[in-house]
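Novice: In order, the protein sequences belong to chains A and B.
Counting with our numbering, you get residues 1 to 278 for the letters of the first sequence.
Counting with our numbering, you get residues 279 to 689 for the letters of the second sequence.
FYI, nobody ran anything at the bench for these hints, they're computed from the structure.
This one's a predicted model, so the numbers in the text were calculated from it and none came from an experiment.
Take the hints with a grain of salt, since some may be wrong.
What the hints assert, rightly or not - Computed, partial: chain A to chain B, Cβ under 10 Å:
id, residue
1, 203
2, 227
3, 231
4, 235
By construction, the Cβ of each residue, glycine as well, lies at the ideal position given by its N, Cα and C atoms.
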Amino acid sequence: MKAEKLSNVLNDLTAGVLLDLALILAVATGLILIVQITLPWLGNRLRGRRRHWLLAMVPLLRLVIIVGAFLWMVPIVIDPSLQNMVAVLGSLGLALGFALKDYASSLVAGIVAVGETPYRNGDWVEIDGVYGEVTNVGMRSLQLVTADDNLVTIPHLKLWQEPISNANNGGPQLQCATDFHVHPQHDGAKVRAALHDVALTSPYVALDRIILVVAEEQPWGTLYRLRAYPIDARQQFRFITDLTVRGKAELIRLGIAFAMVPTFETTATGADTGSQEL
Amino acid sequence: MTQQAIDANGCDTEQDPGIWQLVPLEEYRPPPTPATRAARARWASLKRLFGGGRHQDETPARAEADLRGLPEQQLDALVAAVDWGPGADLLQRRFERGDAVRFVIGPPGSGHVELLRRWGTEQGARWVTPPTYRDILESGAGWLTGWPSDARCWVLPRLEHCWLRHAAGLALVRELLDRALAGRLGRGIIGCDSWAWAYLRYVATVPAHSALTVQAFGGERLAVLFRDLVTTDCPRQVRFCNAQTGKLVLAVDGEDDDEGGAELQSLAARCRGNVGLARELWRARLRAEPEPKAGADEGAAGQDEGSAADSDANVTTVWVAPPPEEPALMADPDEELALVLHALLLHNGLPGPLLAELLPLPPFRVQACLHRLAVAGVAAAAPAGHWHVAAPGYPTARELLQAQGFLLDDF
Numbered sequence: 001m002k003a004e005k006l007s008n009v010l011n012d013l014t015a016g017v018l019l020d021l022a023l024i025l026a027v028a029t030g031l032i033l034i035v036q037i038t039l040p041w042l043g044n045r046l047r048g049r050r051r052h053w054l055l056a057m058v059p060l061l062r063l064v065i066i067v068g069a070f071l072w073m074v075p076i077v078i079d080p081s082l083q084n085m086v087a088v089l090g091s092l093g094l095a096l097g098f099a100l101k102d103y104a105s106s107l108v109a110g111i112v113a114v115g116e117t118p119y120r121n122g123d124w125v126e127i128d129g130v131y132g133e134v135t136n137v138g139m140r141s142l143q144l145v146t147a148d149d150n151l152v153t154i155p156h157l158k159l160w161q162e163p164i165s166n167a168n169n170g171g172p173q174l175q176c177a178t179d180f181h182v183h184p185q186h187d188g189a190k191v192r193a194a195l196h197d198v199a200l201t202s203p204y205v206a207l208d209r210i211i212l213v214v215a216e217e218q219p220w221g222t223l224y225r226l227r228a229y230p231i232d233a234r235q236q237f238r239f240i241t242d243l244t245v246r247g248k249a250e251l252i253r254l255g256i257a258f259a260m261v262p263t264f265e266t267t268a269t270g271a272d273t274g275s276q277e278l
Numbered sequence: 279m280t281q282q283a284i285d286a287n288g289c290d291t292e293q294d295p296g297i298w299q300l301v302p303l304e305e306y307r308p309p310p311t312p313a314t315r316a317a318r319a320r321w322a323s324l325k326r327l328f329g330g331g332r333h334q335d336e337t338p339a340r341a342e343a344d345l346r347g348l349p350e351q352q353l354d355a356l357v358a359a360v361d362w363g364p365g366a367d368l369l370q371r372r373f374e375r376g377d378a379v380r381f382v383i384g385p386p387g388s389g390h391v392e393l394l395r396r397w398g399t400e401q402g403a404r405w406v407t408p409p410t411y412r413d414i415l416e417s418g419a420g421w422l423t424g425w426p427s428d429a430r431c432w433v434l435p436r437l438e439h440c441w442l443r444h445a446a447g448l449a450l451v452r453e454l455l456d457r458a459l460a461g462r463l464g465r466g467i468i469g470c471d472s473w474a475w476a477y478l479r480y481v482a483t484v485p486a487h488s489a490l491t492v493q494a495f496g497g498e499r500l501a502v503l504f505r506d507l508v509t510t511d512c513p514r515q516v517r518f519c520n521a522q523t524g525k526l527v528l529a530v531d532g533e534d535d536d537e538g539g540a541e542l543q544s545l546a547a548r549c550r551g552n553v554g555l556a557r558e559l560w561r562a563r564l565r566a567e568p569e570p571k572a573g574a575d576e577g578a579a580g581q582d583e584g585s586a587a588d589s590d591a592n593v594t595t596v597w598v599a600p601p602p603e604e605p606a607l608m609a610d611p612d613e614e615l616a617l618v619l620h621a622l623l624l625h626n627g628l629p630g631p632l633l634a635e636l637l638p639l640p641p642f643r644v645q646a647c648l649h650r651l652a653v654a655g656v657a658a659a660a661p662a663g664h665w666h667v668a669a670p671g672y673p674t675a676r677e678l679l680q681a682q683g684f685l686l687d688d689f
């Protein structure tokens with residue numbers, strides 16, 4: 001009786017039908033592979049917005065291919081009546097809900113990520129304390145490459161609970177902040193002007209974006225944060241290094257002293273005496 | 279007859295009937311790119327993207343290997359130096375009626391320094407040499423106090439050599455511009471390279487309204503100029519023919535056909551209207567027939583060295599070779615190369631050791647980049663070790679920097 005009911009739901013799986021299914025699967029897999037290989041290859045040979053646009057197209061096209069293949073395959077396997085569709089898809093949903101809850105949740109979050117685009121290929125994001133460039137947005141997870149060149153795989157599931165910090169949000173540029181810790185006794189206007197010029201003269205700086213020097217008084221001295229944009233997001237670490245190295249050199253040239261952490265010397269009696277080096 | 283008027287901004291505009299026009303900077307209009315050239319450029323860019331090489335599609339009318347380069351003397355007769363006299367006259371008319379200090383801006387190799395030299399010579403102006411690099415880094419107080427203080431006007435031809443992209447390299451140019459704009463330096467003209475001007479707009483006070491430039495040369499004006507540059511030393515009529523198609527490009531004392539006009543339009547577009555660069559590229563493309571073998575045609579060989587005697591004995595044909603291939607550099611754009619090129623363009627040339635001080639690259643990497651650029655024909659060094667972007671490589675360098683999102687000039 002059960003077998004009879006199931007045979008009413010499913011079409012006859014003849015050799016021809018199986019061949020059709022295999023062909024659809026093969027075509028869909030081939031198309032996905034082509035998209036996943038060619039678009040990132042092309043995108044990485046471009047710069048700026050065109051690169052980000054191409055990279056961001058990968059998950060969207062893959063989703064379209066998968067949905068298309070699924071819609072094509074379902075009527076081949078199932079007799080496409082409403083009753084049958086509800087029965088099969090409902091069973092499938094229940095199975096996924098119980099057995100593969102997190103997996104299914106990641107898949108759904110992956111679809112949401114394609115629509116809401118909290119991250120795209122080429123974006124620089126921080127998720128759960130991991131910061132890196134998104135290199136692949138898959139169906140279940142995304143992959144980041146960190147500044148240490150580590151590949152980190154994060155399930156889309158994080159989308160539901162974790163804040164996602166996106167530094168460039170689909171654009172080619174992002175803001176970089178470089179810190180300078182200066183001794184309390186100094187001419188603040190001079191430091192601000194010098195740091196502004198340090199950013200203006202960096203070969204990496206995007207001159208059409210704003211350059212800001214933000215100062216903040218601290219118990220140990222003054223923290224200056226130099227905020228500027230590099231021409232390309234991928235230059236951010238070289239840009240920060242350049243600003244740091246040249247900023248230090250310029251402040252030293254101007255006779256500005258840096259704040260330093262206190263060092264503690266142990267006296268002969270064993271008591272610690274703190275002294276701050278300048 | 280020159281017509282003069284005052285425009286809405288208070289700038290005088292002149293519709294000069296000649297080929298020279300001095301216009302405010304914002305009125306500079308690069309010549310349009312012909313559709314065929316644009317399509318070819320896009321196709322070349324696509325081929326580069328997919329890693330394809332170049333290959334010749336057409337069978338040339340004269341194989342380039344059969345042709346030979348012209349001797350310098352003959353090149354000088356066919357493409358003489360530009361006469362900047364009319365441009366200097368126009369500049370003087372602007373200078374008489376304008377601000378105390380005017381700025382003349384030009385892209386690299388455009389010849390604006392020669393224009394200022396001609397103007398300075400005619401007007402007896404003082405020629406102000408730029409400060410040393412040490413002066414610039416030390417704010418150049420001594421250089422500024424030594425500024426000419428008599429009533430004569432002056433000309434500072436290279437503002438781009440008065441600053442460095444270094445945190446300590448901007449104070450001097452800021453002070454110089456402040457003094458000049460406040461009228462404390464007297465009357466004079468400051469020349470500046472277009473790349474330095476584009477950068478200085480972000481770091482100093484530069485007056486856009488006082489800046490003039492030579493209007494871009496399109497194909498038609500290039501044709502007039504190239505005819506003018508053929509000196510009267512040439513004993514016979516000259517016609518320039520495309521070595522690939524065999525068609526006429528330019529005829530001196532004659533009419534060139536539409537095909538020739540397209541060739542010069544394409545040249546103008548490639549040079550973005552830069553007249554000095556167009557002259558350089560034109561000169562570099564001229565070729566002559568091979569030397570006739572001894573005894574084969576003694577009459578023709580005796581009449582004219584290096585050029586072909588046509589059936590009409592009064593006409594000399596000079597072949598225009600196809601534009602040189604783009605340097606392979608574009609196929610594999612490299613950030614370090616781009617940084618070096620950008621620094622060279624912003625400063626209109628720099629000594630190698632100083633370049634290493636200005637860039638976040640170790641000196642040996644800078645040297646390696648310079649070597650690669652030199653091999654590709656994009657950069658060249660003067661005997662004193664002063665590196666600059668070579669004229670034939672300039673369009674490629676600009677395209678590379680544009681592709682990588684660097685600050686560009688307005689030309």
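Novice: Decide, hint by hint, whether the structure agrees.
Specialist: To see whether the hints hold, each was checked on the structure:
1. 203: Holds. Min distance 5 Å.
2. 227: Result: violated, 16 Å to nearest chain B Cβ.
3. 231: Since chain B brings a Cβ to about 5 Å from residue 231 of chain A, closer than 10 Å, the hint holds.
4. 235: This hint holds: residue 235 of chain A lies near chain B, its Cβ roughly 7 Å from the closest one there, short of 10 Å.
In the structure shown, a violation is registered for the earlier hint numbered 2 alone.
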